[in-house]
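*Asks:* The lines below spell out each chain.
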Amino acid sequence: MAFTLASHILLVPFGVALPAITLLMHYRGLRKGDAVALLLARRWSAVMAVQFAIGIVTGTVLSFEFGLLWPGMMGRWGDVFGLGFGIEAWAFFLEAILIALYLYGWRRLKPWTHFWLGLPLPLAALMGAFGIVAANAWMNTPRGFTLDASGKPVHVNVRQAVFTPMFGPEYWHFVVGVVLTAGYVVAGVYAVGLLRGRRDRYHRLGFTLPFTVAAILTPVQFVLGDSIARSVFHEQPVKFAATELVWKTDTHVPEYLFGRLHADGSVSGGIKVPQLDSILAGFRPSTEVTGLTSVPASDRPTVIQATIAHWAFDIMVTVGSLLVLLALWYGWCRLRRRELPRSPWFLRCAALAGAACLLTVECGWITTEVGRQPWIVYQNMRVSEAVTGTRAASLWTMFGIVAVVYVLAFGSFLTVLVKMSHRWRLADEGAPAGAAAGDLEGDTPYGPRPLSTTASGDRGDE
Amino acid sequence: MIEDVVAWVLLVAVAAYACAGGTDYGAGFWDLVAGGAERGKRPRWLIDHAMEPVWETNNVWLIFVLVIMWTGFPVLFQTVFSAMWLPLALAAVGLVLRGAGFALRKPARRLTRRRVYGAVFAVSSLLTPFFLGAAVGGIATGRVAPGTQASGDAWSNGTSVIAGLLTVAATAFLGAVFLTADARRFDAPDLVGYFRLRAWCTLVVLAVLAIVGLAVTHDDAPYVHDGLTGGVGLVLVLIAVVSALATAWLLYRVATGWARVTAIGSVALVVVAWGLAQRPYLIPTSLTVSEAAGASTTLRWLMLVSIIAVVLVGPPLVLLYRLDTRGALQPLTEADLRQTAPGREPENP
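Quick mapping for you: the protein sequence lines, in order, are chains E and Y. For the first sequence, our numbering begins at 1 and goes up steadily by one. For the second sequence, our numbering begins at 1001 and goes up steadily by one.
Bound conformation, chain E alone (with noise of 0.2 Å):
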């Protein structure tokens, strides 16, 4: 289960954000009749078209395993959170149909016509992610049922069960994540392009655009990041200790960046600031945080979990804190020049952008969930009272085969993606203007088409 989604985490950002910025630019090209904006956004929605199969692959298999590894979770608590998913699986019906449209919608439908059924969609994906965050936050921090004396869950309250404490932070922190993830990946790509001295507009529009909206994004991030933090301090205190490894509740608790937990409490290794946690959490030195050692030992993370949920954290932390210089850094220069930063220093640090989104959304997804060990229903269900019945051996085969598949599927989706960019650069390096010569279907989309009856010549430029 954690490898799918793990696996399927990293479609997400562009399940939710990709459509949102192909729109911007198709918004763009239809406004201003920018060709080379049509153009970006043609091709991204042909890369939207693979990635949203795979995701739609992936979510399926996500959904199965629910019932086939965790069975005792959903058994027991399924009518209590489970509506969060209910949300989520008619966004996603009408994401499917919504995309269908906008892809399949480029050659026949009138061009505004066919921006207006695309705009829905990054909505419907918002409220996709609602659901699934809402039953992420249920898990965290579950509310929304009392039990009775066999320990059944009853009075079910739904809008206690997807309006709990972690989910407002949680929801902010995801959506925002994702985008500015998109963003920087999409740009990435082009920045690379731009280092090979493919310095054209194609190449600078194609970088310009997305690093734009992640780079105004960075700094909100980097403030909804501090206040989920902060809730987690509030909410979980115990994964708040795990994350920066306080083992003793106190005061004047010092921060470790990085470092390693023993089982005696010490921490080797990383950096130590005196009072820094102290003040992070409550702003003041003299701020109680609650440490490991509070619970007995079976209610709380290994201090291996620990260890690795303060890995990911930090690595969390230090990625966000080097992407907002780099959003600093372009911001001042398009303020002050308007203009990309001259140094091709920029254009590495903005390649290197999107790979480290990635990582950092799998840190995120590593604290939350490996910081709330034991629990898989945080202070009500253990991990091992979920999960399947069935015999080790057949979920380590089945374990097997899904990720042989797994591989197998996303080493295809790469090679099928860096094979049709390849294809492109070189239509567009080699060929002259216009379409390949000799291509009956070279007709370009919203242009007069042979069949159609509703031709329309509206393109949008002068």
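Everything hinted at is true.
Some chain Y residues close to chain E (C-beta under 10 Å, calculated; not the full set):
no.	residue
1	1052
2	1054
3	1057
4	1063
5	1069
6	1075
7	1076
8	1078
9	1089
10	1093
11	1100
12	1101
13	1293
14	1305
15	1309
It is worth saying that the hints were derived from the structure and are not from the lab. These numbers were taken from a predicted model, which means no experiment stands behind them. Beta carbons: idealized from backbone N, C-alpha and C, even for Gly.
Once you've looked at the hints, dock chain Y against the given chain E.
*Replies:* Same frame as chain E, now just chain Y:
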């Protein structure tokens, strides 16, 4: 009360998946048996074009079915997935392979590569419905009850095998009927005859399987057998049979649009008949609808969410199918993506 309504929603969603997803699997089945790269080129071309815009939408029904199951009937979900572990896990693997194969085949250029992706897609189009059908068959026999651990017996019995085969045959039937219609839409008269013949053949196969199934389920799955051979269940099954025969006749008259309606009708009716035959049980003779139901507040919310969703999703869905059947949806061609935009001359900064 509310749990009965949710059970109906679940049944309708299952029927919708059987029809929409089934048509898709059927297309995959015909892709599998279309023959070599040269001989199967035309049918495969049609299958690709017909499926492309709608296959993702068709697939989402399954996610919806699962979500209703665990939100509305958590115990049912837990029971089914514990007892039917292997077939469902295999179906899940099949789903991945199928989706990946189909999605990646299109952008792949080289023939060998297309072949590999195509084969993966086609084979899993056969396996996934078989295992899903086998799981349903196993549930109908009553071999599964809350607390049942995963075992081979639950799904490797006569009823399960017949149910799996019936599912595959039904998908092939739907696929052939839809492809006949698509062949007309895409102006390929040779393929109209090609798929029509196949639709008729699968009907014969379906009839044979159904008769065998009747004999097998008599002792193996008595509760569902009785439900299907008497009362409302029987009426629905008979209407389904008439509807299937009507499909065959409509295909003969090349009224492909109506044939699609009757074909869907016959499959959906069988699914509904099966659901009614299980009443009042979700899992025959061990778990009733009311025993399995989750908290009633959740069920009410689930209904509310579903109603809002129908309002939101309905119109775009209709629009999608309308535009699709009118041929307004076309994939971007390679040339669209390759064309060089004006103003692409490199500039020196």
